[in-house]
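Colleague: Heads up: the protein sequence lines correspond to chains E and A, in order.
Under our numbering, the first residue of the first sequence is numbered 1030, with each subsequent residue one higher.
Under our numbering, the first residue of the second sequence is numbered 24, with each subsequent residue one higher.
Treat the hints as calculated values from the structure; they're not laboratory data.
Hints should not be assumed to be uniformly reliable.
Here are the simulated DSBU-like cross-link-like pairs (lysine-lysine), alpha carbons at most 30 Å apart as the crow flies [claimed, not checked]: (1) A:320 with E:1514; (2) E:1460 with E:1383; (3) E:1388 with A:399; (4) A:150 with E:1530; (5) A:143 with E:1530; (6) A:399 with E:1452; (7) E:1205 with E:1231; (8) E:1503 with E:1523; (9) A:471 with E:1530; (10) E:1408 with A:150.
Computed, partial: chain E to chain A, Cβ under 7 Å [as the list claims (entries may be wrong)]: (11) 1271; (12) 1441; (13) 1443; (14) 1447; (15) 1469; (16) 1501; (17) 1504.
For glycine and all other residues, C-beta sits at the position ideal for the given N, C-alpha and C.
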Amino acid sequence: MADYNGPILEIDKLSISFFTQAGEIPAVMDFSCTVMPGEAMGLVGESGCGKSTVALGVMQDLGVNGRIVGGSIKFKGRDLGAMSERELRDLRGSEIAMIYQEPMASLNPAMKIGKQLMEVPMIHQGMAKEEAYNLALEMVTSVKLPDPARILNSFPHQLSGGQQQRIVIAMALMSKPALLILDEPTTALDVTVEAGIVELVKELGEKYGTSMLFISHNLGLVLEVCDRLCVMYSGEAVETGSIEDVFDKMRHPYTQALFRSIPLPGADKNARPLVAIPGNFPLPHERPPGCNFGPRCDYFEEGRCNKGDIPMEGIEGDDRHDSRCLKFKEIDWNAPIVASAATEVTEPGDVVLKVDDLKKYYEVAASALFTGGEKRVVKANETLSFEAREAETLAIVGESGCGKSTLAKVLMGLETASDGDVKIRNLEVSKTPIQERDTNTVASIQMVFQNPFDTLNPSMSIGAQIIRVLEIFKVGNSHAEREGKMLELLDLVKLPRAFAKRMPRQLSGGQKQRIGIARAFAGDAQVVVADEPVSALDVSVQAAVTDLLMEIQRERRTTMLFISHDLSIVRYLSDRVMVMYLGHVVEMGATDQVFAPPYHPYTEALLSAVPIADTSVQKKHIVLEGDIPSAMNPPSGCPFQTRCQRKDKVAGGLCEKEVPPVRMLEGGHQIKCHLPQEEFDAMEPIIVLSDVAAE
Amino acid sequence: MEQLTWFGAPGAIFAWPFYIAAGLFFLAVAASLVGYFGNVAAAMAGADGAKAATAKISSLAASLAKWPGLVIAAIIVLYCVLSIFYGAQERGIAGNVFMRFGPVWITMIAIFAVSIALKKNLGLYGKLFQSPVGMIGFALVVFWVLTALFGAFDMIVTHDPLDQIARLKNDPPGSPLPSTEDGEYPWFLLGGDNLGRDVFTRMVSGAGVVITIAPLATFFGYIVGITLGLPAGYYGGRLDTILSFLANLILAFPVILLFYLLVTPEIVQTGIPVFMAAVFFIFPIVFITVLLNSRYKVLPHIRNPLLAVVLVLAFWLYLSTVSDTTRNPGTFLDFFPSGIDLFNIPGGVLVVFIAVVFVNSPTIFRIMRGLTLDVKNRDYVAAAQTRGETPWYIMLWEILPNVRGPLIVDFCLRIGYATILLGTLGFFGLGLPPESPDWGSTINAGRKLLSVYLHPAITPAMALLSLVLGLNLLADGLREQSLKD
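Could you build the full structure based on these sequences and the hints that come with them?
Modeller: This is the structure in structure tokens:
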């Protein structure tokens, strides 16, 4: 077995179905791929496309309802389907290891880290205890965790999310597997932490020569990690090939549409808007005949594309580059994007929202049982000052714990400020909780929520929910009038009027988010706080929802506060950007200013961490160490000093002593940093477009 | 009239096929059980081959058990159908009991036919008909509910539950009456009890008592628990601490002792149970007022008339319930003119009712509080907050409807517990009057002669068992189906 030279994993014409009360539901159809030793294969697709099912199929762990109905999976030349339960058990965890999305769910919360790690070689190789401990220590060191001995002696809940995921990786590598399956390993983590994990995975892959199956919905991430990729759509692989071929010479309309719908550098909301993929992802039992992508495809040809099953076909001249499209030889792949009507730049108007020296502190009792004990103060927001004008989009960027949600709560009136002013059109509201605000004030500032599956009351029809909002905002005088207004709102968000009678569970994520938007604009809001409105949506739907939001904003001249951690989308749609870290605004300015040097060191790291799905982009590589400190226990001095990559450039340890002052640079660009001016002047841009894409 | 046999003439036809089928059935079940445990043992020992072999035996035996089972079911159905064509004397005890329940069977068939035909459009209730367990549970529960309903209209009972015929004291099932008057049913179908009353009739009337008190008391417990649990979970803080502490205090008290205290005549005379009733019955009024007010607050032209009508009705019912001329004549609780006093609840029933509400509500409070804590962090709750909804609207219209699944399941289980609690109370002779036909009291009465005469105690015991089993199966089915999508 040791001198096996062929492919590590060969999947040939694999079909997997789930059998439910409603009958057979095909989840994966005719899927083939090969992973060579040391190769990293990316599986990309939207939720429900079957990429995780493929991974579970490889592990032969499909549950009670799932079954492989066709094709074969060979691992090192041996058919996994023909193996007994016992042989599979020996293979899993030792030859094939899997890393899941949620690190906490993969670790046993009642067992110390060290014991969990040592179990792997002790069970699979019968290794002695001391030997296993030493191996565990070595592995924890190699996943770059500080103080390995202490980590081995702690319980999972004592570690942060990023540290937990590193432990899971260490556990997967304990038995030096030949194949590592990673199912969205960084989706639950923050961007700067994600960057660290991605770098680690790449390094370890090279170091141990492990083959990888990397499952992700993020094209940028796949570009960074993988050598080859396979794009999946609705249960089928639609295009597969090397990274360069698929990214630069795509030969399937879905891949092309996918790339056009994600905000790459160069896209602009006015001049070059995103092209959304029309329609919705088909449900497994409602797939169209012929090409699954047919109904949403620009090149669809009646009578040909919907005629029968379409096989994968190789593309001549490229290395193992296949496409599942009948027409790929006819389509002019270099044709320029049909510019979907460029719009004029809207001029911002008067200041609508003015925040001055806003502070929000929480008091947390040290012990919940006996009050009167020591109290700790959590500084969620620290001296925030900014303005937002009419028809302007202000993006608030930051990772978890940066205080952006607290800011939203204070603006909405769900919390009152500890200090400072918030003025909406000259009305001071920072100390007025929402119960004491009058209807007009409440209606004038509204919110769009992040999770589409959570934003609507599941037991109330869509129409009733919107009418309720109208009732609360005292819009309309009779029920009939409000019903008419509700239907108009459905028109506004481009949903059919028949949806008024539907229940939220009958809607897709994107449609629910549209209802959320309709609800926010029901009372003619002047300020809309959008809290990551598209981050939970699939890539192909994101563009459509973003465009809708922009269009309504443009029409109604609404001020939008766009909270996000995704810098690509922020660059695409915002006029001004505010970067937050641990309750502080570390940088603020117009979008161009923030995305170009000089940067705050945190912005610099953030820009470098965000994966960009474009092969022509050259990025400078900065990986931050450690995790975001807890707001309960913030570092002294500058909040960012514990992870700052440029801290050594400031003399006298000033960073650890004092919170830096706000520095005004030209054009209203603010940075909160101790770095000397020369350092700022010497900064180079993080993202550089090579010539091809720059023009 | 003569003594009835158990299965009469139609029974004689099926006797041998039935014995054979039953024998085979038990053999097959035993084999599949042996196979199953062998399977488990083999899996523990890690022997793959042995595991496969025993698994085969187990599944084979299970499929073998199916056939005799079906034959048994078919024989039962055939027997029931056949007994329709025989005279009362020939069809035996079982046939006559089946015939007495005639209206119940007809209604049940109608309910099942309609429900299965429309199951696609009936939501969770419709989905219940996809789960065999749920259907069996539902059938048992519906059977007893209908029995209680028709029993109240004297459609099933054969005699008066309190009529005594001294000659039939402790007589076995199927005993004929010594002398039959015109229109009187000529047998004691399930025998007579120690006072010469008809056991069958008392079981059916007992269903009426149990089926009214247990769900109603549970329902009131729910209203109290929800009204207190929602704000405790939603607001948290000091309110939560105080209410949770009180709930724990009640829960920490031994239930049976609490009952003894509540129903002791001395305590009843102080009026404590009646005052507690006065407090508990306020909760539904508060609940419905807050429910409607929070929903229609922004639409005063709907709210004002609606609340006025509802409140007048609710208070009328409340005062009718609380005020009672018979119980405390002359006290301040006897204030409502008897002309408009709708009904009086007998003292014993009221005490039992209050006891069940009192011990159930703290548990429901805790369930509700936990569910609220879970749901209050959802975005739709935040969305309601950001549009300025009142807290009570959020609790009652945004949170409560979305936790209905676990609450419905728990409601079914809890009716079962309440039924058992009623049985326990009756068994101890607490609360309800001694001649009451409720199942707990009759079991207690029959207990004394249990070693000599089995039938007076076993009949209500089986009734109690089947109802509680039905409720538990129904809850299981509901839970299983509600988790499915």
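Colleague: Hints first: check each against the structure and report whether it holds.
Modeller: Hints versus structure:
Simply put, residue 320 (chain A) and residue 1514 (chain E) have alpha-carbon atoms about 21 Å apart, close enough for the 30 Å limit, and the pair holds. Taken as a hint, the residue 1460 (chain E) and residue 1383 (chain E) pair is honoured in the structure, with Cα atoms around 14 Å apart against an allowance of 30 Å. About 26 Å separates the Cα atoms of residue 1388 (chain E) and residue 399 (chain A), which keeps this hinted pair within 30 Å; it holds. With a CA separation close to 22 Å, the supplied pair residue 150 (chain A) and residue 1530 (chain E) stays within the 30 Å bound.
Simply put, residue 143 (chain A) and residue 1530 (chain E) have alpha-carbon atoms about 18 Å apart, close enough for the 30 Å limit, and the pair holds. Of the pairs offered as hints, the one joining residue 399 (chain A) and residue 1452 (chain E) holds, with about 29 Å between alpha carbons and a cut-off of 30 Å not exceeded. As the CA atoms of residue 1205 (chain E) and residue 1231 (chain E) are separated by approximately 15 Å, the hinted pair is consistent with the 30 Å bound. For the hint pairing residue 1503 (chain E) with residue 1523 (chain E), the CA-to-CA distance comes to about 24 Å; that is within 30 Å, so the pair holds.
Restraint check: the Cα-Cα separation between residue 471 (chain A) and residue 1530 (chain E) comes to about 62 Å, which exceeds 30 Å; the hinted pair is violated. Distance check on the hinted pair: residue 1408 (chain E) and residue 150 (chain A) sit about 50 Å apart at the alpha-carbon level, beyond 30 Å; violated. Because the beta carbon of residue 1271 (chain E) sits about 41 Å from the nearest beta carbon in chain A, more than 7 Å, this interface hint is broken. About 5 Å separates the beta-carbon of residue 1441 (chain E) from the nearest beta-carbon of chain A, less than 7 Å, and the hint is met.
Residue-level restraint check for residue 1443 (chain E) holds (minimum Cβ-Cβ distance to chain A is 6 Å; threshold 7 Å). Here the hint on residue 1447 (chain E) is broken, as its CB sits about 19 Å from the closest CB of chain A, past 7 Å. For residue 1469 (chain E), the interface hint is violated, the least distance from its beta-carbon to any beta-carbon of chain A being 11 Å, above 7 Å. Taking 7 Å as the C-beta contact cut-off toward chain A, the hint placing residue 1501 (chain E) at the interface holds, the least distance being around 5 Å.
Of the supplied interface hints, the one on residue 1504 (chain E) is violated, with its beta-carbon coming no nearer than about 11 Å to a beta-carbon of chain A, more than 7 Å.
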